[in-house]
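Visitor: So you can see what is in the structure, the chains are spelled out below.
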Amino acid sequence: GAGVSQTPSNKVTEKGKYVELRCDPISGHTALYWYRQSLGQGPEFLIYFQGTGAADDSGLPNDRFFAVRPEGSVSTLKIQRTERGDSAVYLCASSAWDMLTVGGGQNEQFFGPGTRLTVL
Amino acid sequence: DAKTTQPNSMESNEEEPVHLPCNHSTISGTDYIHWYRQLPSQGPEYVIHGLTSNVNNRMASLAIAEDRKSSTLILHRATLRDAAVYYCILRKTGANNLFFGTGTRLTVIP
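These protein sequence lines are chains A and B, in that order.
Just so it is clear: in the first sequence, position 39 is 39 by the working numbering, and no numbers are missing.
Just so it is clear: in the second sequence, position 102 is 1102 by the working numbering, and no numbers are missing.
The set of hints was computed from the structure by calculation and includes no laboratory data.
Some hints could be false.
Label-pair ranges, simulated between beta-carbon atoms [to be verified]:
#1 A:T13 with B:S1041: 28 to 34 Å
#2 B:E1015 with A:A2: 32 to 38 Å
#3 B:M1010 with A:T13: 33 to 39 Å
#4 B:E1066 with A:L120: 35 to 41 Å
#5 B:N1023 with A:P8: 38 to 44 Å
Stretches of chain A that chain B covers, calculated by requiring three or more beta carbons in the stretch to come under 8 Å of a beta carbon on chain B [said to hold, decoys possible]:
#6 14-26
#7 51-63
#8 110-118
Glycine residues also receive a C-beta, built at the ideal position from the N, C-alpha and C atoms.
Work out the full structure, taking the sequences as your base and the hints as a guide.
Guide: Structure follows, in structure tokens:
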């Protein structure tokens, strides 16, 4: 079956511009996560959705970052007034929801290939 | 989140077993031990996870110390396709996100 897909695969923008990054999770997965990975580092958590709502946005670095998931499937990460420091690979992951365990249990997260964002 | 410590890099010869260590001396009773790996230019992929007992699956084995302060990911026969960064992660029951750290870069030598 289809895995997690992300578009675009690469995005080059200029400082100060607005960008949107899209994530299509695995069908039926109610949990969706966004991470950011800088060169040489492991992925860092940004935000977690359970269904349509952002259950945990504690990883968003500042108010220039915002994400939505209006119908509980596709999600869009939005970055306003981009800065050079926003350059990174943005990863999306999804997982099935474990109804028996708060927080979704220990279900594995399935990652997409990422969007490489370069801010010039 | 409780911290894990892994070597920055390791090498292995092809077709030999690989033991990737992870120290997590501050692990709590509700922390599961997860391993993910990230192949070049790809997103991370799940490898295995466990709580107290050793675990086996088609990809690897996870050996957990009796005091749970360390664990070892075992690849029984390394192939060139196993060259990746391996992340050892502690995930609390109910935790939403994964805290990756910097992982161990495994190089497989033909």
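Visitor: Against each hint, give a clear statement of whether it holds in the structure.
Guide: Evaluated hints:
no.	hint	result
1	A:T13 with B:S1041: 28 to 34 Å	violated (21 Å)
2	B:E1015 with A:A2: 32 to 38 Å	holds (33 Å)
3	B:M1010 with A:T13: 33 to 39 Å	holds (37 Å)
4	B:E1066 with A:L120: 35 to 41 Å	violated (53 Å)
5	B:N1023 with A:P8: 38 to 44 Å	holds (39 Å)
6	14-26	violated (count 0)
7	51-63	holds (count 3)
8	110-118	holds (count 5)
The structure shown violates the earlier hints numbered 1, 4, 6.
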